[in-house]
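Between the sequences and the hints, there should be enough to build the whole structure, so can you do that?
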Amino acid sequence: MLRREPPRRPTLEGNVAVREGRRLSFAEYGSHRGPAIVWMHGTPGARRQIPLDARAYAEEHGLRIIGIDRPGIGSSTPYLYPNVLDWTADLELLLDALGIDDVRVIGLSGGGPYALAAGAGLPTRVRGVGVLGGVAPTRGDDAVDGGVIQLAVRFAPLISVGRVPLGVALTTAIRTVRPLAGAGLDLYARVQPPGDRNLLSRPEFKAMFLDDLLNGSRFQTSAPLADLVLFTREWGFRLADVKVPVRWWHGDDDHIVPFRHGQHVVERLPDATMSVIDGESHLGGLGIAAAVLSELMALDSM
Numbered sequence: 001m002l003r004r005e006p007p008r009r010p011t012l013e014g015n016v017a018v019r020e021g022r023r024l025s026f027a028e029y030g031s032h033r034g035p036a037i038v039w040m041h042g043t044p045g046a047r048r049q050i051p052l053d054a055r056a057y058a059e060e061h062g063l064r065i066i067g068i069d070r071p072g073i074g075s076s077t078p079y080l081y082p083n084v085l086d087w088t089a090d091l092e093l094l095l096d097a098l099g100i101d102d103v104r105v106i107g108l109s110g111g112g113p114y115a116l117a118a119g120a121g122l123p124t125r126v127r128g129v130g131v132l133g134g135v136a137p138t139r140g141d142d143a144v145d146g147g148v149i150q151l152a153v154r155f156a157p158l159i160s161v162g163r164v165p166l167g168v169a170l171t172t173a174i175r176t177v178r179p180l181a182g183a184g185l186d187l188y189a190r191v192q193p194p195g196d197r198n199l200l201s202r203p204e205f206k207a208m209f210l211d212d213l214l215n216g217s218r219f220q221t222s223a224p225l226a227d228l229v230l231f232t233r234e235w236g237f238r239l240a241d242v243k244v245p246v247r248w249w250h251g252d253d254d255h256i257v258p259f260r261h262g263q264h265v266v267e268r269l270p271d272a273t274m275s276v277i278d279g280e281s282h283l284g285g286l287g288i289a290a291a292v293l294s295e296l297m298a299l300d301s302m
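Sequential numbering of the sequence shown, starting at 1, is according to the UniProt record's numbering.
Honestly, the hints are just simulated from the structure, not real lab data.
Please note that a few of the clues may not be correct.
[Stated by the list, open to error] Distance windows between CB atoms, simulated:
{"id": "1", "residue 1": "E204", "residue 2": "R260", "range": "26 to 32 Å"}
{"id": "2", "residue 1": "P123", "residue 2": "E20", "range": "22 to 28 Å"}
{"id": "3", "residue 1": "P194", "residue 2": "V148", "range": "17 to 23 Å"}
We treat Cβ as the ideally placed atom computed from N, Cα and C, and that holds for glycine.
Structure representation (structure tokens):
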């Protein structure tokens with residue numbers, strides 16, 4: 001049997017200084033001089049959680065895709081933002097450091113709220129937002145109930161108090177099972193709905209997830225817990241504040257973020273459209289990365 005080569009390393013990978021002496025780590029793919037797209041990973045995930053199809057599309061079309069580690073994953077300094085909107089001040093510093101004037105932002109699942117925050121907080125720099133099965137608000141006027149996220153809402157006080165020790169335990173567990181990561185991903189795939197199971201069985205997606213887990217997030221793993229805390233708070237902005245164009249893709253068989261959550265958010269955004277991914281579940285948006293990039297690049301809110 002031929003051995004499949006691991007995904008190519010990013011064209012650039014490093015850290016950028018942000019507020020309060022912290023740093024954010026990032027990975028860049030494609031053309032360093034091309035139009036920029038920030039790709040916000042899911043929960044859990046890290047900077048390399050970018051489909052190989054998206055990386056190839058970036059190279060072919062001269063785009064610059066930048067994956068950013070949220071605080072507490074990869075080499076990004078652990079930190080809990082007061083709300084999701086506050087992260088955009090760090091994003092602005094990162095864009096300045098990388099010489100990026102304007103940008104489009106994509107968010108997968110737990111990265112969705114951060115992508116929408118970028119549209120609300122940096123409207124003069126963000127030309128468009130793409131969301132793939134994004135998490136919906138759980139607090140405030142825009143809130144919607146139901147879905148797996150309600151477990152986090154129920155246990156929010158415990159997660160908040162135990163975030164640091166839980167993060168240490170999670171990091172230790174991941175380091176312990178590293179040699180079994182491939183088998184563990186296969187086991188996870190077997191208990192998923194058909195859409196996600198089929199996607200995770202494809203060699204290129206398995207390689208991407210393993211590369212992200214073993215390399216992108218190998219140092220620390222507290223970011224997913226910080227995400228859960230923030231998702232149970234008000235985001236710091238209302239959906240009506242996101243004036244830039246938003247394109248939303250959602251699998252109609254999503255078992256993590258219900259499809260109706262996506263509909264709920266899109267109905268409240270000033271300039272948004274919903275694309276249904278027929279028969280797909282939570283990770284379905286990753287399987288249409290080239291189409292997502294193509295549509296997002298056609299947006300121009302300036």
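Against the structure, the hints:
1. E204 to R260: 26 to 32 Å: Check passed, 31 Å falls within 26 to 32 Å.
2. P123 to E20: 22 to 28 Å: Once the Cβ atoms are compared, 25 Å apart, the range 22 to 28 Å for E20 and P123 holds.
3. P194 to V148: 17 to 23 Å: About 18 Å separates the Cβ atoms of P194 and V148, which means 17 to 23 Å holds.
Of the numbered hints given earlier, the model fails none.
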